[in-house]
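Peer 1: Got two chains here, separate frames each, mind docking them using the hints?
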Amino acid sequence: MHAVRTPPRVADGLSAAPARRRRREPTPYLLILPTLLVLAGLLAFPLAYMTELSFKRLTLRDLFTGGAGSWVGVANYSKILHDPFFWTVVVRTIAVAAICVVVSVLSGLLVALLMQRVSGWVRVCMIVSMMLVWALPQLVATQVFTWLVDTDWGVLNWLIDKVVPGVDFTNHSWFIDLWQGWSVIIALVVWGAVPFLAISLYAGLTQVPRELQEAAVVDGAGPWAVFRSVTWPILRPLVVIVTTLSVIWDMGLFTQPYIARASKPELDYYSLAIYAYQEAFAKSNYNTGSAIAVLTVLLMIGVMALYARQMFKIGDAD
Amino acid sequence: MAAPDAAAARTRRVQAVGVGRRRSATVLWNLVGLGFALVMVFPVYWMLSTAFKPANEVQTFTPHLVPQHPTLDNFRSALHAPNFVTDLKNSLIITLFSVLAGLVVGFLGALAIARFRFYGRKAMIAVILVVQMVPFTALLIPLYKTLNGVHWTNSLVGVTVTYLILVLPYTVWMLRGFIVNIPKELDEAALVDGCNRAQTFYRIILPLTGPGLVAAAVYGFIQTWNEFIIINTLNDPAHWNLMAFLASNQTLRGTTWGPLMAGATITSLPVVVFFLIIQRNIATGLTAGAVKG
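Taken in order, these protein sequences are the chains called A and B.
So for the first sequence, our numbering puts the first residue at 1; every next one is plus one.
So for the second sequence, our numbering puts the first residue at 319; every next one is plus one.
One or more of the hints may lead you astray.
Facing chain B, from chain A, some residues (calculated, C-beta under 10 Å) [as the list claims (entries may be wrong)]:
| # | residue |
| --- | --- |
| 1 | Leu33 |
| 2 | Leu42 |
| 3 | Thr88 |
| 4 | Val90 |
| 5 | Gly154 |
| 6 | Val167 |
| 7 | Asp168 |
| 8 | Leu267 |
| 9 | Ser290 |
| 10 | Val297 |
| 11 | Met304 |
Which stretches of chain B does chain A cover? Using the computed rule of at least three CB atoms under 8 Å from a CB of chain A, they are [claimed, not checked]:
| # | segment |
| --- | --- |
| 12 | 341 to 354 |
| 13 | 387 to 396 |
| 14 | 457 to 463 |
Think of the hints as simulated: they come from the structure by calculation, not from any bench.
Note that the Cβ used here is the ideal one computed from N, Cα and C, for glycine as well.
Next up, chain B with everything else stripped away, as it sits in the complex (with noise of 0.2 Å):
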């Protein structure tokens, strides 16, 4: 008697966890993950939604969710301003030198780390680890009075050369993952054939580090891109970035929303594209490990 109701009692339990979940909570769950997803995504779609709208729209007591008459004029004023062609430019040619070096410097590293037991080497990891915490507005006033006393604020090599540590890092400890994945016996076929080490890394290290190459240059090139306040503080503003353009275009009152929003857009695009590329290594890069199920 008692047998077949615990028996039920127990598929019933499985059920409740396993395929046949009830339904009517999943038509719950999904109202609020659908509910949540929205109220995420809202201030994005405001972003576009304002970047889109006439002045007379902007400013209204009655805001509209979409733009009621959509234009490009808050895109062209934001092209337009002084300063953004110029800002663009830099901020192009910043982030593919600072992207470039950290890649040939942090290859060699990772190859370094990976490869080799030598003495400092845990340190090594230490530091690369933590230094991609340090707040670097710490550093920013040290690092200040050295290049200014080298001529070298308002100036696009100043700046270079200081986002290599917010690139070198991380691309670092991610090459280093992928290079210990890649097996030693590859290593060492390759020089029973009669490779010499740098022919071994050239040949079978450097074309199979290829992905975590571009998820590195791409990470890279997010970070530099998104950097505003070290630029902000050592150039003027002919030599700054888009992001740094971005942020002096703000007042505490009367802001003109609309082509600061267009701007946004502008400048978020790049990053938000090449995000969605490499999403999966970021957030792996950062915790990896730290599942083994």
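Isolated chain A, as found in the complex (with noise of 0.2 Å):
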């Protein structure tokens, strides 16, 4: 009897309710609760209190007695702001990220376009010898270029001596001019960073299909038009996102200036990350290192946002 009345209801909750439930168990939240815990106390709470301390003064006595510092609202930005060697602190850190982003990414994609062209034992050469690259520690690359360019017994200075004719390069310091030490410093990142992106984008090269190339050949297309008709609009959003990559991690240059001049850089060689770091722990200065903190995530924030769009786009964050 009840069974007869019922039978469509019956069968709508039973489809409706397991959905329903799911939809309210606690299972994921519990899941997601350390990392959400972990992310809160390492990014979250950091960036929170970065910028509090950005808006605070600390006197040298709040840093011996742990005190809170006061509030003193916009100084440490006006201060950097109307600072013209922050400016040139910014302007640096962009020109070179910019230069490090463009040469090195042409160059993965010229490698890239290389792979394709020679012989497989040739291939794994290559793929062998940018592993070692890309295997090393971004400290230790540094370390082996900053002996490569030692001033007394380095082995750049020793070839172009014996090279290019009529220069004497004995004793030659590299980092007393600033455009040779950055010079230094961006072929090194530029380095490091080829063999990530030529493996990256030989990988999105073998993605397209030979017989599309082939086709655009019949129908008359020299090389340059195969690459711009059928290879880039294959490629372009592997491009785009190493190079988003790309523009994030030489804007967040540390390493290989505060290195290659031995955890002592000159004001010649900071970049934004090491401008703020200074400022905090050499300067003690915490309040205009959180403010130049501040901005350079900041600067960075739009780029970011980029990178996860593209993700997103993409449907590989889904």
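Peer 2: Next up, the structure:
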């Protein structure tokens, strides 16, 4: 009797109830809770605290007694923003990052295209050599480069002396002139970045169907036209992502100039990240240091949003 | 008359991209490729070569490509440097515990993101993607002040906890990728067979995530092993890791490059070995899905 009266409702209820219950389930929240706590403690809280510090001033007395300091409004920011040196560092950081990104992404792309054209065993050699470079810790890589350009016994000075006629590079110091010094640093960054870029882009190139390229050639397209009309459209999303990543990495440049100058960088070798760090830990100006760090993060937040959006757009983050 | 010509030209053009590429061009490209490989690998080679050279060969006006009298002296002096062994031990302890903690927390987080729809999920993913990009030197000021306040500076506990921020986001991200690829039907079959949710995770998803756990662990190892600036700021030399030790052995002028390169070789060795094991996963983790041909 019961059953006769209510079959459709029962069926409805059966299919709807579990779905609704699943939506209210506490399991996912319990599972994500530890991650959330770590992110809150090590990301959200420091960011908030850093912002707070950037609006305060700690006196020397506060530093020793652990005092909280006093609110000074935007005084730290206005001090920094009126300091020409800050703007020098901002322009330098952006310029260096721009050069590094353009040179390393272009080189990466060229190397990837080269990898397509060489014989198999040469490709293996290229991959092995790039893997070794990629795996080398950044700190070690910087020390090795510093050794290569060493004033007294560096192999680069010897090589230039020998190969380029009419110049004397004996005991040449690469870091006295800031243009030369930054050239070494940029070379180091590009050298370290090319393996990731070239190998990722090469993997992308293998996804371009051979038939499409051949069809384009049959239709009379030259190598450049094939690249522009067939290869590039397929490669583009990947190039956007690796470029975004490179921008983020190179804007946060720290290790290379800091270690190349043996942890005591001169003002000429400050990047924004080094500036904030030195302000806080070499000069104990935690407040100005925090303000610089906040400005650095703000400067980069647009690029980070672009990266996250791109990952969602290609559906990988779903 | 014109038709066979056009056909021949077409064949020639196809061959230009296809299998029968011109031999001389390939030889040329091969030379360029080999030259590139040599230039790229030279600094790595130079590190090794210097590490095995006696002091008088390191400081010479005409550098030798190959050590004339190879020696292990540099390695000996690196090993006997004050704090080297302590800092090596510290490196191992810190790495072990932060990676383990990262794996446990990260596996649970990845499960939530990969297997459930819940409020705030997308925001969570965005945070995990973005946090990998935050320059952590920016967070160092508040972290230092906080840890100093609770007397966790100059201790291994403080850095181990701090390093979770290096390990966790990537671990969650990588494990999520693995869990998403386990068919949901497997979970459902286990549920039908009478497993509860916890048993499904434990018996179905955990074993199938095995390779992901290994890859995430190795990646976390590399991250924490390579870190030197946080630990250099938070701790004194007795509580440093090997990287911070290495950084402190360099001076602006008059660095003893032989022992430094030997120390650099020892410090890099585990990272390079592990990196080569999981390099596939690292590359795809950062850009996965961008190529769907």
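Peer 1: Hint by hint, note whether the structure agrees.
Peer 2: How the hints compare with the structure:
Residue-level restraint check for leucine 33/A holds (minimum Cβ-Cβ distance to chain B is 8 Å; threshold 10 Å). For leucine 42/A, the interface hint holds, since its Cβ comes within 10 Å of a Cβ in chain B; the closest pair sits about 4 Å apart. Interface hint status for threonine 88/A: violated, as the beta-carbon distance to the closest one in chain B is roughly 19 Å, over 10 Å. Against a cut-off of 10 Å between C-beta atoms, the interface hint on valine 90/A is violated, since the closest Cβ of chain B lies about 15 Å away.
At a threshold of 10 Å, the smallest CB-CB gap from glycine 154/A to chain B is about 9 Å, leaving the interface hint in force. Of the supplied interface hints, the one on valine 167/A is violated, with its beta-carbon coming no nearer than about 16 Å to a beta-carbon of chain B, more than 10 Å. At about 13 Å, the closest approach between the beta carbon of aspartate 168/A and any beta carbon in chain B exceeds 10 Å, and the interface hint on this residue is violated. Given the 10 Å rule on beta carbons, the hint for leucine 267/A is violated: about 15 Å separates it from the nearest Cβ of chain B.
Because the beta carbon of serine 290/A sits about 5 Å from the nearest beta carbon in chain B, less than 10 Å, this interface hint is met. A least Cβ separation of about 6 Å between valine 297/A and chain B falls short of the 10 Å threshold, and the interface hint therefore holds. With its C-beta approaching chain B no nearer than about 5 Å, methionine 304/A sits inside the 10 Å limit, and its interface hint holds. As drawn, the segment 341 to 354 of chain B meets chain A at 8 residues by the rule of a beta-carbon pair under 8 Å; at three or more, the given contact holds.
Note: the segment 387 to 396 of chain B has 0 residues with beta-carbon separation from chain A under 8 Å; the three-residue rule is not met and the coverage is violated. Counting residues of the segment 457 to 463 of chain B whose CB lies closer than 8 Å to any CB of chain A gives 7, so the stated coverage by that chain holds, three being the minimum.
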